[in-house]
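All chains should be built: construct the whole structure from the sequences, respecting the hints.
Given next are the chains, with one letter for each unit.
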Amino acid sequence: MKHVKKECVAMLLAGGQGSRLYALTKDMAKPAVPFGGKYRIIDFPLSNCVNSGIDTVGVLTQYQPLVLNEYIGNGHPWGLDRVHGGVHVLPPYESSFGKSWYEGTANAIYQNISFIDRYNPEYVAMLSGDHIYKMNYNKMLKFHKAHNADATIAVLEVPWEEASRFGIMSADENNVIYEFAEKPAQPKSNLASMGVYIFSWQNLKKHLIANENDEGASKDFGKNIIPAMLAEGNKLVAYHFEGYWKDVGTIDSLWEANMDLLNPNIPLDLHDPNWRIFSRNPVMPSHYAGEHSSIQNSMISEGCDIEGTIDFSVLFAGVVIEPGAVVRDSIIMPNTVIKKGAVVEYAIVGEDCVIGENVRVGARPEAIEDKETWGVAVIGHGVTVSDNSEIKPKAMVSESI
Amino acid sequence: MAIMANVLGLIFANMHESGISDLTKVRTLASVPFGGRYRLIDFTLSNMVNSDIDNVGIITKDNYLSLMDHLGGGDEWDLSRKTGGMHLLPPYGNSTGLYRGRLEAMAQVKPFIENSNAEYVLFSDTDVVANIDYRPIVDYHESTGADLTVVYGRGNFTTEQTMTKTVLAINPDNQVYDVLIHPEISGEHNVSLNIFVAKKDWLLDIIREAQSRNLYSFEVDVLQKKLHEIKVMGYKYDKPFFQIDSMDTYFKSNMKLFDKKLRDVIFNSDSPIYTKVRDDAPAKYGIDSEVKNSLVADGCVIEGSVENCVLFRGVKIGKGAKIKNCILLQDTVVGEKAEMNYVITDKDVGISDYRSLAGTETYPVFVNKGAVV
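Residue numbers (my numbering), protein chains in the order written: chain B, 1 to 401; chain V, 1001 to 1373.
Some hints here could point you the wrong way.
Below, a list of computed lysine to any residue pairs in the SDA-like style, where the Cα atoms sit at most 20 angstroms apart [to be verified]: (1) K219/B - G16/B; (2) K1324/V - H292/B; (3) K219/B - F115/B; (4) K1322/V - V1333/V; (5) K1276/V - D1331/V; (6) K1292/V - P323/B; (7) K1260/V - P282/B; (8) K1292/V - N297/B; (9) K1276/V - R280/B; (10) K1256/V - E291/B; (11) K1260/V - M284/B; (12) K1276/V - P273/B; (13) K1260/V - V337/B; (14) K1276/V - G79/B; (15) K1347/V - D1069/V; (16) K1319/V - N297/B; (17) K1276/V - K339/B; (18) K339/B - D1264/V; (19) K1322/V - M284/B.
None of these hints come from the bench; they were simulated from the model.
Okay, structure coming up:
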């Protein structure tokens, strides 16, 4: 088949397990984890691509890909079912050289060189499937071209005390990067990499092949490719991003990022008609707020049926809240039922759960003496919690009880 | 069981518009918004898809821009198919001009019907909101050997209500023996749901004959005048349905959706009602919002109090506003401290701060599309 040339192809790394989300990623990869009432995390980078005019996206999957594969499907919800390009799920494969799992971010791209080459692109955007942000990659591409760079790395100014958690760039006044340190103990800069890169393809390809042939390499962008480019004197530039960006790799950050959506002072507007976040929409009627319901400061999705009290919470599609049930400061994922009299506070409840009558899940921090024992309670997908039981704060439940 | 691939679906998008003229000034009946996030055609179209009818023609007449915009390529109803799928059939430019009735409408799209490989045609208007499985109806038509099967519902009606309906007299064997169009008769009656099944060849003969005699009304010229030459059977639909043929039924039917049992029947999750996706964010409730007994679609932002209302996608309710017994169509924006009771606003209406509007249960106030009050 003749492939039409694309200026820029995006490669989305979606193979990570997301082990720090524990029960929530037991059966699905992190990018497939529900977020923000009707989305999955991957909707953000995918929608950013489409809104930025990038119509060819490879999604690299490895860990528990079933939910993600089904979700992406032919790409129609994002307008990525295209004659030329579109979205392609790229799992590891067997070839005449043998079979191999993706062994690192660089190796994952290396194994898909032929996918990228089919579109003969000038540039490749590398994206992560586990960040929540709205970003115009096209502006970044223009910046990359204007600087005649070999690589452009999107950076965010983070508080100095948090800098050691990130990949940190040191750049001069022209934004040229001269040093890169992965999670440095003594950070020399507070410019953190957002995990969004644009590379000039031919140069990157050369580095990927060299890295693959280097026996000792760990085949990782941060550990190998970026340092190798710097060592070779390639031009790497920092692209400053201003706006909301959050890594949702931990329970606390996932909880916070959802709660951020309820905060009018947080600049992540999901209602902006000019930068919609697309998703596979459930086929359900409008949600119903019942005679005795009380809903405040919350996000509620279609298909919900609410007879109880909801405060500072995010409810996904098809959630049922029975009379007398109370949900506060919590995230309830699709099709979960909270039965009569149950109280859910500071919790993340997965998809398709049943929380029995009068169950208590989690607690407010002020209700706990020993703050060390407090944390967001998590109930994994498909769990049934029997009537009258109690799930303590910080608990992690992945089997029905 | 009938093989439904053998059935061609035809939908008349423009029938019954006069009864609900406020909402059909700017659109077809088929594209009248309903139930928070739907258009009336979604019910007929979804019923066809859920009944495995995957070749559907939609006959339009005028005002069909909003309908085209809504349907797109038919993807959301899973009707963007390699073979068959959804076909929008705008009026053909011929000397007869716009059609005057279903017969003339079908005559104008005769090549579409002729080209279909189907053995049967199921043709329907869009005035009925229900979750109907058409398969048993086609089976019934096959088993009775009828020329025409008409689907009917039974209920108690006032004179005012029957004046917009077709009432059928049906004998104990379910054969139709009398047809009254828009009669003034109150009481318990069988009313046509304007859903019909016939063999394609039989229907084409009827259409050709009508063309040669300049006849256009299916109800008058076939159902009434030919009733004793042909075999017309009634198929009773005994699950809940709403027939939207007046502003009164429009208002009350929307309000009936607050009943969970009814909602579960109409929006049965095993035969879901599909509609156009807008990719709105989930509805957002503010700190002082108070919402009771209401249907709220995605994209709404509520900061006031709402009771017994249907809020369509993208409706905004300002701080301190009090909205009761209202139907607010897409993207209506209600200002701060505005008060409304028994009001229907069309799409894109703006209600200014502190404004107060009130209708009554029998005569809700209607605000035109795009108006700023």
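The hints, checked one at a time:
1. The suggested pairing of K219/B with G16/B holds, with an alpha-carbon distance near 15 angstroms, which does not exceed 20 angstroms.
2. Straight-line distance between C-alpha atoms of K1324/V and H292/B comes to about 16 angstroms, which keeps the hinted pair within the 20 angstroms bound.
3. Among the hinted pairs, K219/B with F115/B is consistent with the structure: their alpha-carbon atoms are about 19 angstroms apart, no more than 20 angstroms.
4. At most 20 angstroms may separate the alpha-carbon atoms for a hinted pair to count; K1322/V and V1333/V meet this at roughly 13 angstroms.
5. Only pairs whose Cα atoms come within 20 angstroms are accepted, and K1276/V paired with D1331/V is accepted, the gap being roughly 15 angstroms.
6. Proximity of K1292/V to P323/B is assessed by CA-CA distance (about 13 angstroms); at most 20 angstroms being required, the pair is judged to hold.
7. For the suggested pair K1260/V and P282/B, the alpha carbons sit about 19 angstroms apart, so the restraint of at most 20 angstroms is met.
8. Note on K1292/V and N297/B: the hinted pairing holds, with a Cα-Cα distance of about 15 angstroms set against a maximum of 20 angstroms.
9. Taking the CA atoms of K1276/V and R280/B, the gap is about 12 angstroms. The hint holds against a cut of 20 angstroms.
10. This hinted pair checks out: K1256/V and E291/B have alpha carbons roughly 14 angstroms apart, not beyond 20 angstroms.
11. A C-alpha spacing of about 14 angstroms is found between K1260/V and M284/B, which places the hinted pair at or below 20 angstroms, so the restraint holds.
12. The straight-line distance between the Cα atoms of K1276/V and P273/B is roughly 16 angstroms, inside the 20 angstroms bound, and the hint therefore holds.
13. With a CA separation close to 16 angstroms, the supplied pair K1260/V and V337/B stays within the 20 angstroms bound.
14. Between K1276/V and G79/B, the direct Cα distance comes to roughly 14 angstroms. Compliance with the 20 angstroms bound is thereby established for this hinted pair.
15. Between K1347/V and D1069/V, the direct Cα distance comes to roughly 14 angstroms. Compliance with the 20 angstroms bound is thereby established for this hinted pair.
16. Restraint check: the Cα-Cα separation between K1319/V and N297/B comes to about 13 angstroms, which is no more than 20 angstroms; the hinted pair holds.
17. Of the supplied pair hints, the one linking K1276/V and K339/B is violated, its CA atoms being roughly 32 angstroms apart against a limit of 20 angstroms.
18. The hinted pair formed by K339/B and D1264/V meets the criterion: a straight-line CA distance of about 18 angstroms does not exceed 20 angstroms.
19. Of the pairs offered as hints, the one joining K1322/V and M284/B is violated, with about 27 angstroms between alpha carbons and a cut-off of 20 angstroms exceeded.
When each numbered hint is compared with the structure, violations occur for hints 17 and 19.
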